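**Q** Residue strings, one per chain:
Protein chains: 6
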Amino acid sequence: MFKRLLDYNNGEELETVVLIKNSQLRHTKNDKLYLALMFGDSSGEIRGNYWDANNQDAATFNTGTIVELNGKREEYHGRPQIKIYSLRVVGPQEGYDLNQFIKSAPEKIKDMKEEINKYVFDILNPTWNRIVQYLLKKWGKRFFDYPAGKSNHHAVRGGLAYHTLSMLRDAKGISDNYPQVNRSLLYAGCILHDMGKVLELTGPAATQYTTEGNLIGHLVLIDEQIMMAAQNLKIDTESEDLLLLRHMVLSHHGKYEYGSPKLPALLEAEILHRIDDLDATVYAVTNALQHTKPGTFTEPLMGEDNKRYYRPKKDEALDKSKPLE
Amino acid sequence: MFKRLLDYNNGEELETVVLIKNSQLRHTKNDKLYLALMFGDSSGEIRGNYWDANNQDAATFNTGTIVELNGKREEYHGRPQIKIYSLRVVGPQEGYDLNQFIKSAPEKIKDMKEEINKYVFDILNPTWNRIVQYLLKKWGKRFFDYPAGKSNHHAVRGGLAYHTLSMLRDAKGISDNYPQVNRSLLYAGCILHDMGKVLELTGPAATQYTTEGNLIGHLVLIDEQIMMAAQNLKIDTESEDLLLLRHMVLSHHGKYEYGSPKLPALLEAEILHRIDDLDATVYAVTNALQHTKPGTFTEPLMGEDNKRYYRPKKDEALDKSKPLE
Amino acid sequence: MFKRLLDYNNGEELETVVLIKNSQLRHTKNDKLYLALMFGDSSGEIRGNYWDANNQDAATFNTGTIVELNGKREEYHGRPQIKIYSLRVVGPQEGYDLNQFIKSAPEKIKDMKEEINKYVFDILNPTWNRIVQYLLKKWGKRFFDYPAGKSNHHAVRGGLAYHTLSMLRDAKGISDNYPQVNRSLLYAGCILHDMGKVLELTGPAATQYTTEGNLIGHLVLIDEQIMMAAQNLKIDTESEDLLLLRHMVLSHHGKYEYGSPKLPALLEAEILHRIDDLDATVYAVTNALQHTKPGTFTEPLMGEDNKRYYRPKKDEALDKSKPLE
Amino acid sequence: MFKRLLDYNNGEELETVVLIKNSQLRHTKNDKLYLALMFGDSSGEIRGNYWDANNQDAATFNTGTIVELNGKREEYHGRPQIKIYSLRVVGPQEGYDLNQFIKSAPEKIKDMKEEINKYVFDILNPTWNRIVQYLLKKWGKRFFDYPAGKSNHHAVRGGLAYHTLSMLRDAKGISDNYPQVNRSLLYAGCILHDMGKVLELTGPAATQYTTEGNLIGHLVLIDEQIMMAAQNLKIDTESEDLLLLRHMVLSHHGKYEYGSPKLPALLEAEILHRIDDLDATVYAVTNALQHTKPGTFTEPLMGEDNKRYYRPKKDEALDKSKPLE
Amino acid sequence: MFKRLLDYNNGEELETVVLIKNSQLRHTKNDKLYLALMFGDSSGEIRGNYWDANNQDAATFNTGTIVELNGKREEYHGRPQIKIYSLRVVGPQEGYDLNQFIKSAPEKIKDMKEEINKYVFDILNPTWNRIVQYLLKKWGKRFFDYPAGKSNHHAVRGGLAYHTLSMLRDAKGISDNYPQVNRSLLYAGCILHDMGKVLELTGPAATQYTTEGNLIGHLVLIDEQIMMAAQNLKIDTESEDLLLLRHMVLSHHGKYEYGSPKLPALLEAEILHRIDDLDATVYAVTNALQHTKPGTFTEPLMGEDNKRYYRPKKDEALDKSKPLE
Amino acid sequence: MFKRLLDYNNGEELETVVLIKNSQLRHTKNDKLYLALMFGDSSGEIRGNYWDANNQDAATFNTGTIVELNGKREEYHGRPQIKIYSLRVVGPQEGYDLNQFIKSAPEKIKDMKEEINKYVFDILNPTWNRIVQYLLKKWGKRFFDYPAGKSNHHAVRGGLAYHTLSMLRDAKGISDNYPQVNRSLLYAGCILHDMGKVLELTGPAATQYTTEGNLIGHLVLIDEQIMMAAQNLKIDTESEDLLLLRHMVLSHHGKYEYGSPKLPALLEAEILHRIDDLDATVYAVTNALQHTKPGTFTEPLMGEDNKRYYRPKKDEALDKSKPLE
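Residue numbers (the numbering used here), protein chains in the order written: chain S, 37 to 361; chain D, 37 to 361; chain R, 37 to 361; chain X, 37 to 361; chain P, 37 to 361; chain W, 37 to 361.
These are calculated hints, taken from the structure and not from any lab test.
Worth double-checking, as some hints may not be accurate.
Just so you know, same-sequence chains aren't split out, so a pair can sit in one copy or run between any two.
Said to hold, decoys possible - No more than 30 Å apart at the CA atoms, straight line, and that leaves these computed lysine-lysine pairs for BS3-like:
| # | residue 1 | residue 2 |
| --- | --- | --- |
| 1 | 329 | 291 |
| 2 | 139 | 68 |
| 3 | 270 | 186 |
| 4 | 174 | 270 |
| 5 | 350 | 119 |
| 6 | 349 | 270 |
| 7 | 177 | 146 |
| 8 | 174 | 146 |
| 9 | 291 | 144 |
| 10 | 57 | 68 |
These numbers were taken from a predicted model, which means no experiment stands behind them.
If we strip away everything but chain S, and leave its shape as in the complex, we get (with noise of 0.2 Å):
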């Protein structure tokens, strides 16, 4: 196996294969073309210039394409960087998969589809039971696959079960606590709020949204989809049950101006929406403290008002974390 990318130190000479995650082509102020370059694997990622290019290589080498790099990694202005020596772009028969070279959620699969699939047996109501299990068979390779998001938090290759597992986490915490709250309704909510990003998400690498992304949206699209398994489960699609569930994937996104066509009408919706937010505010700031030297406070995060949080200089909880991105 290749060493990864991250795995060569400062002045080490390298021949590896990546993935291009972002191609630019520029041209300096004495008229000459290069490419500004964004590596990356499942080791993190650097920057390399190809120098001298043309129309054709900005063709050849461009975002998504998966290359045999040959180069030295320098330090250039504090930063590391490739120079590069060549670039060949792999063909599909020597067995690469753009997944290989995606950072991953930090829980593996395997044990999040276990977890998340206990949970889905503590889900008593057999209507909301059935939907979820069907849904989760139907989409569930895309579903443990994909990110959470283009940028602002969980996006990363697994990304969307890791979000989901880490809501039905805290929603249980939260049922514990409060009594009075539908379990069921809400560990259903929490699985399927965010699954009709499957439809919404080109996929784990280089993510865009789709047409149908943009112009309907992951909450339309998962209920959408609702609907369907219930036809197709012979399930009443006017029951109040259904109903329940419909309005908890369509109303989770908490205000209007976020999209939800409706606002939490249920206990369990208002839920379902404020942990939806917990996590991934969790997630973005954690990740930013991550790369924060103690002390000082992070760049304003855009999915966060633009607000910048503080990593104090003794942190001992932080400082032993994992890292998330």
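Put chains D, R, X, P and W on the given structure of chain S with help from the hints.
**A** For chains D, R, X, P and W alone, kept in the frame of chain S given last:
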């Protein structure tokens, strides 16, 4: 046939069958109960108090009940009211129907049907044409019977169809002016945009929101109907044609804060939203001006950001216009 | 001991000691004055009118007075009320105490104290631990007696402690899920965040804002207490530990428009704000749902952006839950 | 006559007279100055760099200068550009006029004049008719020459008249649909609403805001013109007819935040505002879509709340439509 | 001369001529009509009910009528009221004038005129000076008679001039502190900024908005007056001096949402807006505090974002201040 | 003494000691590093590039370093710059001080001290007088040295005191105009309102926010100082006098969104907020206008809602005003 409610003059005694459009049990300060009633039929509405009522009376003569009313029309405090001699609940076997007592849209249902069908004929795209025909057939009975809302605008029997038709006429003028507009898509959007109200509202009399109206809303309800229609018609649910139509209805409120899960992202969706708004506003403002003295302002209109409109001292077009409600 | 107010059945005569929770002098249209009274004790509240009142009576039987009430429970307009035979002010020598007549939080003060102390034990940072202990000691009597607000949520005796404890339980679940969270800081923040209400409010009975509550507010009031505690405990007022704790309480309303002088800029501050919000919402929504018929919506909840919540037709968890107020 | 700028093919040498639509002095990283120029004539625009420039060149070849351009059309980085051989300022005696080099509205001025005059003929109220005719005469030359704005929409020669005419066509369709509309007032409002732009803007070429445009704005500028016209025409400045017309122009931006000193308070004012908005949006969206590949989204449109619009993969109406800019 | 309304003590019988400031026909629950009247003269206001009224009485004794009142001052429910013995409409021949019955600004008109003239003398720019003098002459009678508004602040006879003068005094202090301020422009702006209210309002008694007030508004109304004054004075309507003055009045509300068609874009326009706001707020808050008990808060002030203000327990400056209304 | 930075003419060689106000390591397109430097002393600022730099140079010549600069003043692209011959870090033993190189407020510290003391003398209430004196003594050194902000306004040495003094002068004029104002409270509020900035900012040179500035903010920081001062002076921390003063500083930002934990609820707090705003705006607008050509607009001012201000073609007062920065 009975003389209608507004056909009686001041001081005249009356005996007629009317609908109780609103009933509230109140008590005087010296501790007597009475029912404050609003009677109505297709000619309009008048108030009347039923004195010395008890809880039993309140249950008997509640909102939505059809009654035989004996009494006398009087003037009280400048406003007409009925002095009630007696009230009797009319039984189902007497052959009355709620709809008789409700004001209707200013055009005949038969005429509206015919004209709308002409517009359907001009939807040249087969996917949109078939779905529109399918849903018009499935929901047509309600579609030509329901109001377009509880109160703000077109809150009359047949108001939903009337609003739709008026928008189609606007759509025609606009499509003529701008040849770049996809006329078929715009017409299909007009016809379907509010059709979900047949599920969102309870009907033309004593109109309320249904539970699914409150929890799902008419935008998503009609979107689900479109998807199920497509399945039944063997239309590919992933086709771009279907995607465009779904986007039309899902975005027609134009802004997130009005419950659109997506903002208009098609030229035709943008126009649909604006025609919808325009027609509702023209209706509401006209209706208010028709009840306002020349040279003065209307009351603040709730559906129009509480704005007040001025009726010019001399305004021939308005003076000659047919009253809406 | 007296039978309590809600222990009497309809039609039964009663003689009991109650608190006047609200008293308003009104007049009938034929110019007679009466007092509209709200009686209450720990079992709940009932209205009653004191007829033919004068200004003297209004002064005698004003809000916050403890009285002996003779009368009869009746049903009026579907709601229970007391027909008053006589009212007598109870003197201070008779040994009654305002607090007897106020509804209490659903858990016992003794139990809450014990459980909160366990959380204090888990605050491992000595600065935070000492300040929390110091202030719990200084304000503990009020802390376990006061409500968490005038009306929106936890407006019961002991409500402040109950809200705090419920948040600590949420905090525990969340700290377990996210190991990067500084548990000590989060617990300390939970315990202190609303403690300034012991200065902002007048107490559990007939709760009002104090002048310093209105002009300074509980966020800054507790911040000042923390600074003075630090001085007395010889803790460096400039230390980062103290700074973090001050930031927790000053930012816990989460947004400027809710009176936070700073937005949360610590992961733990962000979480504190969200737990606070969540617990208040769960309480308010649950309380409203418990007073709502299955299959219908609550009234608009003022503290929740005037949203209305739906109580499902069948909802076992809610049905079995302990009534909050 | 010269071949026009966009009539040359890639690789072809050219010699033509063009307008410098934008000129910026920039410097390369190795400290050489050059002028980044945008050339344009009525056929469109192309960029070109003038190397080794100095401050003198920047002053000579600045924005708004007409020049004789010798060079060669090339492709650079996928976009056409001109490799400049020489530039020469064209003197006033050579008979060129700025307006030759500006794109024009898609209809002929003569045709637009004629059609607008027909609408004037339908303004039956003599006060409005005389004022419209007076101001069309006074400002007509500019009115048929100016754009409707600097950039967002109708930013072409004759754009102001074109926008006005397109609105009149919409107004006709709407007046036909709603007989309660005062057609004369609506037409007069359409014609005058933006006429203040002849004072607010500097003209069709290199359009800027005038100082009075910035400090007073076109709504109030045309209102002042109406008042002065009335004086000259001996029309009572206090008459209701004049008041209504002044209100039409002063309220046509529809909302305070867009600089309307009053909100629309006439049915016709409400419609005027909406037609104005509709026509501007249809223009801007169409223009953007015409520059967008089928199956993709436009860039965010600044004048449309930064929304992006989708061009369907197959869209006959749009495909066949005449390009706007 | 008559003793004035507030000169009578409790229990004393009175016979005086007063203005009916508000008249409303109401009915008791046992169906009797009465008029709820508010009497007023320059000493203040007291309520009184006219029992057993009919529609005729309502027409006779309506808002704005001057009447001879016989009755007795009583205390009801802690508030003074008049028990009415008889009411008689005072005829025009009896020589009363509405203005006698209206509260006036706390300074004498003659003094205000004189002081304002001194400020006019300090407007050194001849364009501004001549226009200010011209308009003061044209509208002076109303200017020193009208209030500055219907209710929020300076709603007294002469209130417009008083508000203007108070602003001029502020303007003087500020011009002294900041020598970069163009004192002449600021003074001219102060004097003219609200002068359009002589057209926007109906006058000092029973103040209402005129139709042109509602449809055009005082900012544009005074702008039009300035333009017409310039024409009559042969001042160039395009001169920068005139432009600056027009901008001052058009922008003085400071924000679009308050109906300014332009935002302040001159240092002096910015200051004018702030002085205007400051003086209105000081007036409204002072007036409210003067009617509030020490140690308590005012009611929410509508014109001040519904804020409530605290009157300190001991506040010598306020205690000694002259009552405003 | 050295000639100062702006004392050299174009083309002249220079040798002087200056502060590096900003240092950024950049690289040219052909991969060479250079330092883009901003030099400054009390005479103003000029840019210069240090070519062929390395990381070591970047560390040596970073922001805030005092250096001896040899070079030549040149004109580049219309703007002055320094061609650098050599740079040498000046050692601490050479006796330079950061403050020498910073622009100062336009009045002398000694004069400002004296004048502020006169205002202190007019604070007649002993509680406020003693606290003001105590804190002026404790923080006076910084108070007369610090700027009032990082950038928007009064960002000069002594700017905090200058802003305070200018507000006191406004406060005097306003107190003279409105006798109901508690002058002592207003003066005390002016002096203390921004004094927390001595803790919030790092000082006059290369001003940054401190961590406690970011996490607590100057409003609460000075509130804490007032409380601790009261303790040390044996002033009752619960007294109304103290409460009023605390409210003044805590509410002076006037709106929640600017970080006031409470809105102004005293007449004097309302005025304090407005004077603060007024003085900051006059400073920022004047400063921008002084750098703008007559007849043109300033750049959008960030601290003034991005508004642009117009400098009239002829504006004597501004022309003669002393430059602020």
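**Q** Give a verdict on every hint.
**A** We went through each hint and held it up to the structure:
{"no.": "1", "hint": "329 with 291", "in the structure": "between (34 Å within a copy, 26 Å between copies)"}
{"no.": "2", "hint": "139 with 68", "in the structure": "neither (33 Å within a copy, 33 Å between copies)"}
{"no.": "3", "hint": "270 with 186", "in the structure": "neither (36 Å within a copy, 34 Å between copies)"}
{"no.": "4", "hint": "174 with 270", "in the structure": "both (17 Å within a copy, 20 Å between copies)"}
{"no.": "5", "hint": "350 with 119", "in the structure": "neither (37 Å within a copy, 45 Å between copies)"}
{"no.": "6", "hint": "349 with 270", "in the structure": "between (59 Å within a copy, 22 Å between copies)"}
{"no.": "7", "hint": "177 with 146", "in the structure": "within (12 Å within a copy, 52 Å between copies)"}
{"no.": "8", "hint": "174 with 146", "in the structure": "within (17 Å within a copy, 47 Å between copies)"}
{"no.": "9", "hint": "291 with 144", "in the structure": "neither (33 Å within a copy, 37 Å between copies)"}
{"no.": "10", "hint": "57 with 68", "in the structure": "both (23 Å within a copy, 26 Å between copies)"}
The structure fails hints 2, 3, 5, 9 (numbered hints given earlier, in ascending order).
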